Amino acid sequence: MKSRNLPLNKRGFNFEMIMWIFTRLSALAMYTLLLIGFIGALLMGAREQMNFADVMRWAFMPNPSHVINTNIPDIAPWTALFWQLVASALLLVATAHGVHGLVVIADDYIVTSNGRKIVRLISMLMMASTSLIGLYILWTF
Amino acid sequence: MGITRNVGLMTALRYKGQGPMLTFVLHRLGGMGMAVFIAIHMLSSFLGGKGGQFVNAIYEHWSFQLVIFFFVLFHAINGLRITIIDLLPKLLEYQREAIWVEWLVFIPVYGFAVFVIVSTALGSGG
Numbered sequence: 001m002k003s004r005n006l007p008l009n010k011r012g013f014n015f016e017m018i019m020w021i022f023t024r025l026s027a028l029a030m031y032t033l034l035l036i037g038f039i040g041a042l043l044m045g046a047r048e049q050m051n052f053a054d055v056m057r058w059a060f061m062p063n064p065s066h067v068i069n070t071n072i073p074d075i076a077p078w079t080a081l082f083w084q085l086v087a088s089a090l091l092l093v094a095t096a097h098g099v100h101g102l103v104v105i106a107d108d109y110i111v112t113s114n115g116r117k118i119v120r121l122i123s124m125l126m127m128a129s130t131s132l133i134g135l136y137i138l139w140t141f
Numbered sequence: 142m143g144i145t146r147n148v149g150l151m152t153a154l155r156y157k158g159q160g161p162m163l164t165f166v167l168h169r170l171g172g173m174g175m176a177v178f179i180a181i182h183m184l185s186s187f188l189g190g191k192g193g194q195f196v197n198a199i200y201e202h203w204s205f206q207l208v209i210f211f212f213v214l215f216h217a218i219n220g221l222r223i224t225i226i227d228l229l230p231k232l233l234e235y236q237r238e239a240i241w242v243e244w245l246v247f248i249p250v251y252g253f254a255v256f257v258i259v260s261t262a263l264g265s266g267g
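Taken in sequence, the protein lines are chains A and B. Taking the numbering used here, the leading residue of the first sequence gets 1, the next gets one more, and so forth. Taking the numbering used here, the leading residue of the second sequence gets 142, the next gets one more, and so forth.
Here chain A stands alone, though its shape is the one from the complex:
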């Protein structure tokens, strides 16, 4: 395969390019946060008290309400500040990743300049409201 040797400014290093790389890097970030949640759950006793699906549910969003129905004896370690921070980081990264993903999908079907502007406006509103509502839920459990 021929290597690409165009300089960055000719490759089109613009907002879309930044978001393209952001989508990949945020995926890696989410994998890291997910692993932290997974390992943390095992350290807090999930091996005896939770099944595989419950551990996955916790790892994908470490919010105490996701483990309250399992056999854990005490919810206290699961409500620690650390998990609120991990959950908030996951929420913000996932919201940005997801809303941009929806814009990419919409761009495949909405091709007019005005339509795309409307899509971007809606996506910004969606991203802001989802982040704020999510943070509210995570910090008022």
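Hints may contain errors.
So these bits of chain A aren't anywhere near chain B, every CB distance computed over 10 Å [claimed, not checked]:
hint: 1; residue: ILE18
hint: 2; residue: ILE36
hint: 3; residue: ILE39
hint: 4; residue: GLY40
hint: 5; residue: MET44
hint: 6; residue: ILE72
hint: 7; residue: PRO77
hint: 8; residue: LEU81
hint: 9; residue: GLN84
hint: 10; residue: LEU92
hint: 11; residue: ILE118
hint: 12; residue: LEU121
hint: 13; residue: LEU125
hint: 14; residue: ALA128
hint: 15; residue: TRP139
Keeping only pairs whose Cα atoms sit at most 20 Å apart, straight-line, the calculated SDA-like set for lysine to any residue is [what the hints assert, rightly or not]:
hint: 16; chain 1: B; residue 1: LYS191; chain 2: A; residue 2: SER65
hint: 17; chain 1: B; residue 1: LYS157; chain 2: B; residue 2: ASN147
hint: 18; chain 1: B; residue 1: LYS231; chain 2: A; residue 2: LEU25
Hints in this document: simulated from the structure, not taken from any laboratory. Quantities reported herein were computed from a predicted structural model and do not represent experimental measurements. Ideal placement from N, C-alpha and C gives every residue a C-beta, glycine not left out.
Since the structure of chain A is provided, determine the placement of chain B on it from the hints.
Okay, now just chain B, sitting in the frame of chain A:
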């Protein structure tokens, strides 16, 4: 801008994209499914009340869990393949092999999740 589409729906459906096309469709479907699921789940948790509890009760049902686990796990595992191949473009040559590896990872992980969810549901009389 100004992309024109000159492929009809039936032609599009008959497109033989095979493995890579299937992962593309499932990735997109899973992404949209997650966006809709998480948005509604967050709103119902935020608003609470009878309506919120009703929606969350549907989401916690084992049959819904099977669907959402499929979406999330496939999107995550396929996303890792896309990330690795895009960040190391030399591996693009092994795209099809990568998709086989991806299914080899996805099937046991999702299969185990299905086994656990269904056996828990049957065990608790759900």
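Hints versus structure:
1. ILE18: With a cut-off of 10 Å, A:ILE18 remains clear of chain B, as the shortest Cβ separation is near 14 Å.
2. ILE36: Correct as stated: the minimum Cβ-Cβ distance to chain B is 15 Å, above 10 Å.
3. ILE39: At roughly 16 Å from the nearest Cβ of chain B, A:ILE39 sits farther out than 10 Å, so the non-interface label holds.
4. GLY40: The claim holds: A:GLY40 sits with its nearest Cβ about 18 Å from chain B, beyond 10 Å.
5. MET44: Label holds. Min Cβ-Cβ 19 Å, cutoff 10 Å.
6. ILE72: It holds; A:ILE72 is separated from chain B by about 15 Å at its closest Cβ, greater than 10 Å.
7. PRO77: 22 Å, holds
8. LEU81: 20 Å, holds
9. GLN84: 15 Å, holds
10. LEU92: A:LEU92 is indeed farther than 10 Å from all Cβ atoms of chain B, at 13 Å.
11. ILE118: About 14 Å separates A:ILE118 from the closest Cβ of chain B, which puts it past 10 Å; holds.
12. LEU121: Its Cβ never comes within 10 Å of chain B, the nearest being 17 Å, so this holds.
13. LEU125: 12 Å, holds
14. ALA128: 13 Å, holds
15. TRP139: 12 Å, holds
16. B:LYS191 / A:SER65: This hinted pair holds, its Cα atoms lying about 17 Å apart.
17. B:LYS157 / B:ASN147: It holds: about 17 Å lies between the C-alpha atoms, which stays within 20 Å.
18. B:LYS231 / A:LEU25: 18 Å, holds
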